[in-house]
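Protein chains: 4
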Amino acid sequence: MIKVSVVGAQGRMGSHVVDAVNAAPDAELALALDAGDDLTQITPENTDVVVEFTVPSVALGNVLALVGQGVDVVVGTTGWTDDKLDAVRAALADAPREGQSVFIAPNFAISAVLADYFARLAAPYFESAEVIELHHPDKVDAPSGTAIHTAQGIGAARAKAGLGAVPDNTQTDGGSRGQVVDGVHVHAVRLRGLNAHEEVLFGNAGEQLVIRADSFDRGSFMPGVLLAVRKVASGGFPGLTVGLDHFLDL
Amino acid sequence: MIKVSVVGAQGRMGSHVVDAVNAAPDAELALALDAGDDLTQITPENTDVVVEFTVPSVALGNVLALVGQGVDVVVGTTGWTDDKLDAVRAALADAPREGQSVFIAPNFAISAVLADYFARLAAPYFESAEVIELHHPDKVDAPSGTAIHTAQGIGAARAKAGLGAVPDNTQTDGGSRGQVVDGVHVHAVRLRGLNAHEEVLFGNAGEQLVIRADSFDRGSFMPGVLLAVRKVASGGFPGLTVGLDHFLDL
Amino acid sequence: MIKVSVVGAQGRMGSHVVDAVNAAPDAELALALDAGDDLTQITPENTDVVVEFTVPSVALGNVLALVGQGVDVVVGTTGWTDDKLDAVRAALADAPREGQSVFIAPNFAISAVLADYFARLAAPYFESAEVIELHHPDKVDAPSGTAIHTAQGIGAARAKAGLGAVPDNTQTDGGSRGQVVDGVHVHAVRLRGLNAHEEVLFGNAGEQLVIRADSFDRGSFMPGVLLAVRKVASGGFPGLTVGLDHFLDL
Amino acid sequence: MIKVSVVGAQGRMGSHVVDAVNAAPDAELALALDAGDDLTQITPENTDVVVEFTVPSVALGNVLALVGQGVDVVVGTTGWTDDKLDAVRAALADAPREGQSVFIAPNFAISAVLADYFARLAAPYFESAEVIELHHPDKVDAPSGTAIHTAQGIGAARAKAGLGAVPDNTQTDGGSRGQVVDGVHVHAVRLRGLNAHEEVLFGNAGEQLVIRADSFDRGSFMPGVLLAVRKVASGGFPGLTVGLDHFLDL
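Keeping their order, the protein sequence lines are chains P, U, G and F. First residue of the first sequence? That's 1 in full-length UniProt numbering, and the numbers climb one at a time after it. First residue of the second sequence? That's 1 in full-length UniProt numbering, and the numbers climb one at a time after it. First residue of the third sequence? That's 1 in full-length UniProt numbering, and the numbers climb one at a time after it. First residue of the fourth sequence? That's 1 in full-length UniProt numbering, and the numbers climb one at a time after it.
Treat each hint with caution, since some may be false.
The list treats identical chains as interchangeable, and a pair is accepted whether it falls inside one copy or across any two copies.
Calculated cross-link-like contacts (lysine-lysine; reagent style DSSO-like; alpha-carbon spacing at most 30 Å) [unchecked claim]: (1) Lys3 x Lys160; (2) Lys139 x Lys160; (3) Lys231 x Lys3; (4) Lys139 x Lys84; (5) Lys84 x Lys3.
Since the hints were made in silico from the structure, they are not lab data. Predicted, not measured: the structure shown is a model, and the values here were computed from it.
Just chain P, same shape as in the assembly (with noise of 0.2 Å):
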């Protein structure tokens, strides 16, 4: 059994993280925490994997913290500049445990996670590429990152296959073309009963092949926290890892 602790037990994901522990078979809960509980709880004979989902402002300190105290990690939380991980690669080096590990997802979901490795791996075989985004309408910002990191990903695959920009022979638009990202046109629907959603779209001359990934709500992140948990308690990743693709045998 996988000992895992959750920080953040009582945010919207840690709560489901809590959940997820406990039903999964291959492990139990140790510790749940939340602001204002004591960290230096968490140590190797009580916890093998953390589970940090928090907010941005305090997730970097969490986890240089738990780090220190020998731990592994892994981070569901947002917003890591490349500073903020040398600062956790720089933590791993002088870590008190041998191989010790921290992954940090941007998303969790495998649907999304394959869909954007798809549409890198299809990119060089067709003319055309366009990325819709769809989400509820309280999200703030649009294009969602996701939907960013997809289209950044067609348009470096397009790049080093040689191919040109995408035909478009538009010639008056009021805007609805969407918005230009490396090359792509990105487009955001908000609509009320969606929660996240993105659908990529390729065209050949008489051929289209689209991959669409549905998160229907927040359950959809824990096959891949679970996964996640599994891979890092495994010992197999020692050091900083970025990405759920790393964890998929792809």
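With chain P held as given, fit chains U, G and F onto it using these hints.
Then chains U, G and F, alone, in the frame of chain P:
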């Protein structure tokens, strides 16, 4: 048998009309004319209905002449302004035969006409509504006229039902949210391999309704053209009629 | 304010109704009763409309009792046979208050009701029609009652329009063509992560019309329940009404 | 310039190949032969690659003859059994020129090949998987060979990953659940207006991944045919190669 003459018979659409008339069990081709041919060959004796698929610069002249010659006309050419429509109405008032008909349709694809109609019906019952149109990359205008028409219909139906603005908490956007037409966000995708497609999305808490019309090729217009020919030939629509929805029993 | 009592208030659907009534600006919760509670507490003085969401074995008895107590009832419980409906009609004929109403709906999701309605309207205009329904894998019946209803509606509309059988040149099949309901092929998908979805596909040469209704969770029924409560409370629907489409201005 | 000869040049596919070769910047048409023409006209001097698109009854004979004449062959004709493939391998072993190539593909649409490949990659990560294929109603077999291949790939990938049966609590069904291929439910839709389409659905709690390939017309095969011609002409694939995925850098 309905005797059908085609004006613009060698054009991209007109040649399809010739084929469709020849294949229809209840219609037969009378005259197939193109640029330079003498329209006065078309008479009530040899022709029940003329199908006019030419270019905007000559269509009004053709229609006025044909009305004066006493035949009914189904028009697929686009570019009709209110002034032009008034000119057609005036010609019909002076037409040599009683009950003469002219029918003009911005879109002959039955799927597109139904999607537009259903969108107006559904609009009052949903908090959110957006329109995505998708076309081949050689199209010069974005969004499509059909998408603008659909968005306007949704906007009008929402206003009549007393609905306010669609929910949208977007605070940062680089253009991904599309063009706003009468309060409805419209997105235009351009993809090699596609022809002409429209998707209308409606959302409430926990539910979504999607209406999608796909026109894969020009053949998609022929069932609508034949429907119009039959309705006009039936004599039941004297005067000017605009829009294929008038011929659907909805 | 419409005074609403809920019978089955602790059930999966009933608890959502309690929340929806509490959140509605024009309704207030009167009594929330469940199995074992005394229904005679509900009177015309404390309640305008009762929402009944229990189980088929007790629903008829509940409705008959409530009608006898002089209150209007909106029923979400399923399993209504013609005999049961006749019993409700008889009770309404003897009801203590003039113009009393009972409303029964097999489906309260507005998107599903509209999809079903639009499918009947569109059916006469297409050569081909098929239905795909998609649900969570814990559903015990396939295809869904809603999909059967939609297929029956399409079949009836095709027959009325004089359309023959759908084109289908399949000569070898191991079961992939699905179940045929009134001449319409119906396919049932069972997929973890989905809730309740229906897609209706119509095809002509060169064109397709797709109508899709997604119910992501039980909250999707609440706008329909509140609509029914308001319509019944308005007094405009005396007697028995079956089907939410009667309350949509279509 | 790659010199390309076409065998079956007047057939439905072959005539498209002739057009595609003429339009390609790096290929030129050598000989265009059809039934009754003398294949011995094709020599290593006038031809780098032959594209063979005929019928199953003559394809093996054509390929064996062409290999004997010292030219490379790209084959689009279907109906290849293990015995026939062995005969091709034997002919290649005795071929007059060193490093001669034969390439055979069951499907030249890049979108379909990628969808099939991605489905195998994704399969281990989802509880549920189903396949829907959609074709024109003149197709005689259901489900399509491509859909069977995709389902078999998913089934094999699930088995290798140790996944059990897909969750399915269906207790009553009149045939709507489709055909089960290696544990994967496969549904076949036949709709006028469609050509050849495949949709693969994967589901976990709270999430869905959809991969869809649309082939709108025969032109969709041409990018794949040209890719095969270029790869074979490069000399990098001596011997027999089966399947376009070998030519994609995945």
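- Have a look at Lys231 and Lys3 and pick one of within, between, both or neither, based on CA distance no larger than 30 Å. The answer is within: 13 Å in one copy meets 30 Å, while 52 Å across copies does not.
- Between copies, within a copy, both or neither: which fits Lys3 and Lys160 at Cα up to 30 Å? This pair counts as between: shortest inter-copy Cα distance 28 Å, intra-copy 44 Å.
- Task: With 30 Å as the alpha-carbon cut-off, assign the pair Lys139 and Lys84 to within, between, both or neither.
- Result: within (25 Å within a copy, 46 Å between copies)
- Between Lys139 and Lys160, at a C-alpha cutoff of 30 Å, which is it: within one copy, between copies, both, or neither? between (33 Å within a copy, 28 Å between copies)
- Message: At most 30 Å between CA atoms: does that hold for Lys84 and Lys3 within a copy, between copies, both, or neither?
- Response: Cα proximity of Lys84 and Lys3: one copy only (27 Å, versus 56 Å across).
In the structure shown, no violation is registered for any of the earlier numbered hints.
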